[in-house]
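Visitor: Assemble the complex: chain A is given as a structure, and chain B must be docked to it using the hints.
This is what each chain is made of:
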Amino acid sequence: MDASSVADQLRVEIASDVDVVQARQHGRELAAGAGFSTGDQTVIAAAISEVARNILMYAKRGEISLGVVANGDQQGVVIVARDQGPGIPDVSRALQDGYSTSGGLGLGLPGARRLMDDFDIASVVGQGTTVTMRKWRRLPS
Amino acid sequence: MDVPILKQGHFLIASIQSALSDADLSQLREKLIERVGRFRARGVIVDVTALDVMDSFAVRTLRDIAHMARLRGAETVIVGIQPEVAFAMVQLGLTLKGISTALDLEEGLAFLNQHTQGRLDEKGERGRIERG
Numbered sequence: 001m002d003a004s005s006v007a008d009q010l011r012v013e014i015a016s017d018v019d020v021v022q023a024r025q026h027g028r029e030l031a032a033g034a035g036f037s038t039g040d041q042t043v044i045a046a047a048i049s050e051v052a053r054n055i056l057m058y059a060k061r062g063e064i065s066l067g068v069v070a071n072g073d074q075q076g077v078v079i080v081a082r083d084q085g086p087g088i089p090d091v092s093r094a095l096q097d098g099y100s101t102s103g104g105l106g107l108g109l110p111g112a113r114r115l116m117d118d119f120d121i122a123s124v125v126g127q128g129t130t131v132t133m134r135k136w137r138r139l140p141s
Numbered sequence: 001m002d003v004p005i006l007k008q009g010h011f012l013i014a015s016i017q018s019a020l021s022d023a024d025l026s027q028l029r030e031k032l033i034e035r036v037g038r039f040r041a042r043g044v045i046v047d048v049t050a051l052d053v054m055d056s057f058a059v060r061t062l063r064d065i066a067h068m069a070r071l072r073g074a075e076t077v078i079v080g081i082q083p084e085v086a087f088a089m090v091q092l093g094l095t096l097k098g099i100s101t102a103l104d105l106e107e108g109l110a111f112l113n114q115h116t117q118g119r120l121d122e123k124g125e126r127g128r129i130e131r132g
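Sequence lines, in order, name chains A and B.
Each step along the first sequence adds one to the number in our numbering, with nothing skipped, and position 74 is 74.
Each step along the second sequence adds one to the number in our numbering, with nothing skipped, and position 81 is 81.
Simulated from the structure, these hints should not be mistaken for laboratory data.
One thing to keep in mind: the hints can contain errors.
From the derived model, a few chain A residues whose C-beta atoms are all more than 12 Å from chain B [what the hints assert, rightly or not]: (1) Gly27; (2) Asp40; (3) Ala59; (4) Lys60; (5) Val80; (6) Pro89; (7) Ser92; (8) Arg93; (9) Asp118; (10) Ile121.
Here are the computed distance ranges between Cβ atoms for each label pair [as the list claims (entries may be wrong)]: (11) Pro140(A) to Arg72(B): 52 to 62 Å; (12) Gln114(B) to Arg61(A): 24 to 34 Å; (13) Gly72(A) to Leu6(B): 48 to 58 Å; (14) Glu106(B) to Val125(A): 47 to 57 Å; (15) Arg72(B) to Arg138(A): 47 to 57 Å; (16) Gln74(A) to Gln114(B): 48 to 58 Å.
Glycine included, C-beta positions come from ideal geometry on N, C-alpha and C.
Bound conformation, chain B alone:
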């Protein structure tokens, strides 16, 4: 199951459409990390609204994506974790410590706009990214 990755300005948006196997998740990770460089992305949003389960592998892969993207200069936000999924994750002991999350795509974009200077400035140069 291929996950479409959209480019919006300096952000990449990966919207997961259905349940993913481990191989699909690993492929998404490779693709996103490659595209961060290709599109000089400043932010990455992974929309997991369609995921009805997040197990240890899925959480580990999302964590890896966020860390790798950061090493490549992009900030990651995971959006759309459903309430039941959050409940099961906590019971499993799975956390996304140190990784930004937002309620939905809209909030995720707002977060990235705030935390990266994702738009080109007037001279067409990349803005500086500020991180706390």
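Excised from the complex, chain A in its bound form:
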């Protein structure tokens, strides 16, 4: 996103189940501050919860950074979940509903993708995974 500017960067360490709650609460507050509806705040918080949970489950630890971005007449929140875990060998499979290697429901990543407007995964086996997702809202003119 070259044309966009990023502000309000916030970092949350993810190393325990309490951090998952922290991360999604920070995300909700940020989204509220950026003018998102309560419905969208919930959607954003749920997506953060799923990617944070994925970090815990597969990488044990990592971090989530949250920011507000502007792009023309749109404002958005950007969430980057980063870990140095085992990586995802088959990203397209990890994005299929019901696919899980952890005994979970297998809805985390595909679910988060459905909740957000933009969703990208970059993963290298043995090095880690970065999930970047954004939700946009049109600014009133």
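Guide: Chain B only, in chain A's frame:
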């Protein structure tokens, strides 16, 4: 964050007061299942009105509670799922298939009264539970 569990007649009511971590949710599950036996409960209500997000772990735990309680002879109703939470759950693909839900505590109690014979009969014996 401890979730208070109230006993009302033959029903147990767990009212979640604030956001719960995974450990809190797991603890609630253990506690409820144990108390179903201790209080010989016929019904369980989990009030999630205060939850502003339900992710895959929360939904799985609620499902587990309902299934385990049923194995112990009690019917579970989840009450108070907020509209935005329902919306996000559907988008995530999370369902509570096969699990009873009700709008709020009042509806949940009405449901349990209808679907369990939760009160003692005149001889002080447990009534029969009828399930479809």
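Visitor: Which of the listed hints are broken here?
Guide: Going through the list in order, the structure violates hints 1, 2, 12 and respects the others.
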